[in-house]
Amino acid sequence: MQSIDAALAAINALKPNEKLVYSQIAKKYGVDPGTLSRRHRGISRSRQAAAQNQQAVHPQHEAELI
Numbered sequence: 001m002q003s004i005d006a007a008l009a010a011i012n013a014l015k016p017n018e019k020l021v022y023s024q025i026a027k028k029y030g031v032d033p034g035t036l037s038r039r040h041r042g043i044s045r046s047r048q049a050a051a052q053n054q055q056a057v058h059p060q061h062e063a064e065l066i
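As numbered in my numbering, residues 1 to 66 make up the sequence shown, in order.
In case anyone wonders, no lab produced these hints; they're calculated from the structure.
Some hints could be false.
Label pairs and their calculated CB-CB ranges [to be verified]:
1. 35 with 14: 12 to 20 Å
2. 5 with 65: 12 to 20 Å
3. 9 with 34: 13 to 21 Å
4. 5 with 60: 38 to 46 Å
5. 60 with 18: 35 to 43 Å
6. 13 with 57: 33 to 41 Å
7. 12 with 34: 40 to 48 Å
8. 38 with 16: 20 to 28 Å
9. 9 with 60: 40 to 48 Å
10. 42 with 65: 44 to 52 Å
Idealized CB from N, CA, C, for every residue including glycine.
From just these sequences and the hints, can you work out the full model?
Here it is in C-alpha cells:
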C-alpha cells in the first residue's frame with residue numbers, strides 16, 4: 001500500500017466527531033497535504049487511475065488480446 005493510500009484509509013477511518021487535519025495526517029504518512037486534500041475530495045487521482053481512462057482498450061481486454 002502506498003503512503004497516500006494509507007493516509008486516505010486513515011482519513012476514512014476517522015470517527016464522525018474526530019477533527020480532520022490534513023497536515024497532521026500528511027506528516028504522519030509522509031505525503032503532501034495538498035495532494036492528500038485533493039485526493040480525499042475527489043479533485044485529483046493517481047496517475048495510474050488517470051491513465052486508465054485514457055487507454056483505448058481496458059487493461060483486462062488488453063491482456064486477453066495478447
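To see whether the hints hold, each was checked on the structure:
1. 35 with 14: 12 to 20 Å: Roughly 18 Å apart at Cβ, these two residues keep to the hinted range, so it holds.
2. 5 with 65: 12 to 20 Å: 29 Å, violated
3. 9 with 34: 13 to 21 Å: The hint (13 to 21 Å, Cβ to Cβ) holds, given that residue 9 and residue 34 are roughly 19 Å apart.
4. 5 with 60: 38 to 46 Å: With Cβ atoms ~21 Å apart, the hint is violated.
5. 60 with 18: 35 to 43 Å: Holds, since residue 60 and residue 18 (Cβ atoms, about 38 Å apart) stay within the stated range.
6. 13 with 57: 33 to 41 Å: For residue 57 against residue 13, whose Cβ atoms are near 36 Å apart, the range 33 to 41 Å holds.
7. 12 with 34: 40 to 48 Å: About 19 Å separates the Cβ atoms of residue 12 and residue 34, which means 40 to 48 Å is violated.
8. 38 with 16: 20 to 28 Å: 22 Å, holds
9. 9 with 60: 40 to 48 Å: Taking Cβ atoms as reference, residue 9 and residue 60 lie about 25 Å apart, which means the hint is violated.
10. 42 with 65: 44 to 52 Å: Because 32 Å falls outside the window, the suggested range is violated.
This entry does not satisfy hints 2, 4, 7, 9 and 10, going by the numbered hints stated previously.
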